[in-house]
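Asks: Each chain, letter by letter, is given below.
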Amino acid sequence: MARISAGVATSHVPAIGAAIDLGKTKDEYWAPVFQGYEFVKEWIKDNTPDVVILAYNDHASALMLDIVPTFAIGFADTFQSADEGWGRRPVPLVHNHIDLAAHVAEQLVIDEFDITIINEMDVDHGLTVPLSLVFGQVEEWPCKVIPLAVNVTQFPTPSGERCWKLGEAIRNAVKTFPEDLDVQVWGTGGMSHQLQGTRAGLINKEFDNRFLDLLAHEPEELATWTRLEYLREAGTEGIELIMWLIMRAALGYGVDELHRFYRVPASNTAVGHVVYQAKA
Amino acid sequence: MPRQRLYPLEDLEDIPGTKVFTARRSRQGYYLHKFCMSLMQAENREEFKSGERAYLDRFAMTEDQKQAVLERDFNKLIDLGGNMYFLVKIASTDGWSAQKAVGSMTGMSPEEYATMMRDGGRSPEGVRSIKKGN
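Residue numbers (this note's numbering), protein chains in the order written: chain A, 199 to 478; chain B, 25 to 158.
Keep in mind the hints are simulated off the structure, nothing from the lab. Be a bit skeptical, because a hint or two may be false.
[Unchecked claim] Label-pair distances were calculated between CB atoms; the ranges are: (1) A:415 x B:70: 51 to 61 Å; (2) B:94 x A:265: 49 to 59 Å; (3) A:278 x B:156: 15 to 25 Å; (4) A:415 x B:124: 18 to 28 Å; (5) A:288 x B:26: 50 to 60 Å.
The beta-carbon is built from N, C-alpha and C at its ideal position, and this holds for glycine as well.
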């Protein structure tokens with residue numbers, strides 16, 4: 199049977215991707231950010247899963263204009279990196295695990311998550327920056343990736359509680375997949391940031407660290423935080439943090455926190471990153 | 025039975041300097057955003073750069089939206105239904121960093137804004153709620 203062995207969460211700031219692609223990771227500005235990912239790059243070598251289910255948001259690259267799905271699962275065989283206005287990131291094609299994606303999609307609908315299925319799309323920095331941060335600059339990604347796109351752009355977004363329940367449903371779906379697969383669930387985006395108006399540049403270290411404290415061991419409390427609280431406290435784009443709850447709920451009751459990292463800033467954003475091992 | 029809501033939706037308008045991107049605003053910004061997403065192709069970026077006004081006239085945007093694009097007035101574009109995830113494609117076409125585009129909305133110079141971010145960003149103190157003034 200398939201099992202969820204671990205979870206990773208990380209911010210997915212586009213400038214981080216640019217720093218990797220342009221060879222700036224050792225620069226004075228960027229080095230302290232990338233130091234926070236040394237652990238995961240070593241850890242993943244011995245813990246490469248067969249499949250990552252990667253919760254991210256599309257930043258008006260493939261979705262959000264003509265179609266605005268609340269939750270969507272990528273169904274293409276492969277996904278190319280999107281041209282977000284400065285050319286495509288030079289990263290490998292993302293390969294899907296169609297059998298698991300189909301199983302998860304079916305189980306989610308049966309569990310009353312009416313998920314959208316997307317048979318063709320490009321994936322943007324929301325998905326590719328986390329892959330680069332964990333796997334580095336490689337010729338091929340070392341595992342399959344199932345993109346799980348969450349609307350955190352157009353209000354109302356799903357609530358934190360809804361994301362929590364989605365994570366639980368994903369856990370149940372994976373556990374009933376008959377093939378022996380090692381699966382990780384990743385949550386991406388955040389932490390506090392606001393990219394609009396006179397309040398732009400907002401960073402809330404207290405909020406972010408409280409979130410990180412609760413996520414590991416008291417995550418049920420996070421599921422009660424409202425969208426409005428995220429907007430007020432963590433900025434209009436800080437609401438991306440709800441996607442971390444999908445990852446955390448998918449891991450089940452208890453986790454071992456193997457790594458935690460927090461740093462301000464990367465561009466406009468507070469960077470957060472955790473690695474959790476699921477308890478058997 | 026009326027459904028329970030955790031807060032009135034009007035409260036989304038209570039955050040200083042902030043426009044929450046609602047379904048209505050999304051519709052208001054639709055053609056503006058169609059223009060922004062056209063900039064995801066290199067040949068379109070070149071055409072836009074070689075004649076901005078003529079390129080914008082291909083889209084069913086309002087005149088105000090076109091003017092705000094020409095002026096790179098991101099605050100105005102957000103007032104007119106824009107969302108930054110779309111609008112940043114204009115900045116990328118110009119070769120601006122996201123930080124420069126975002127900082128342009130704050131009334132600070134790019135250097136002042138970059139310094140504020142390096143020093144830990146903008147504190148939420150005083151900019152949580154218009155009503156409460158906290």
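Asks: Each of the hints needs a verdict: does it hold here or not?
Replies: Structure-based check of each hint:
About 53 Å separates the C-beta atoms of residue 415 of chain A and residue 70 of chain B, a value consistent with the hinted range of 51 to 61 Å. Checked against the hint of 49 to 59 Å, the C-beta distance between residue 94 of chain B and residue 265 of chain A comes to roughly 29 Å, which is inconsistent with it. One distance hint, 15 to 25 Å for the beta-carbon pair residue 278 of chain A and residue 156 of chain B, is violated here, with the actual separation near 47 Å. At about 40 Å, the beta-carbon gap between residue 415 of chain A and residue 124 of chain B misses the expected band of 18 to 28 Å.
Judged by the Cβ atoms, the range 50 to 60 Å given for residue 288 of chain A and residue 26 of chain B holds: they are separated by roughly 53 Å.
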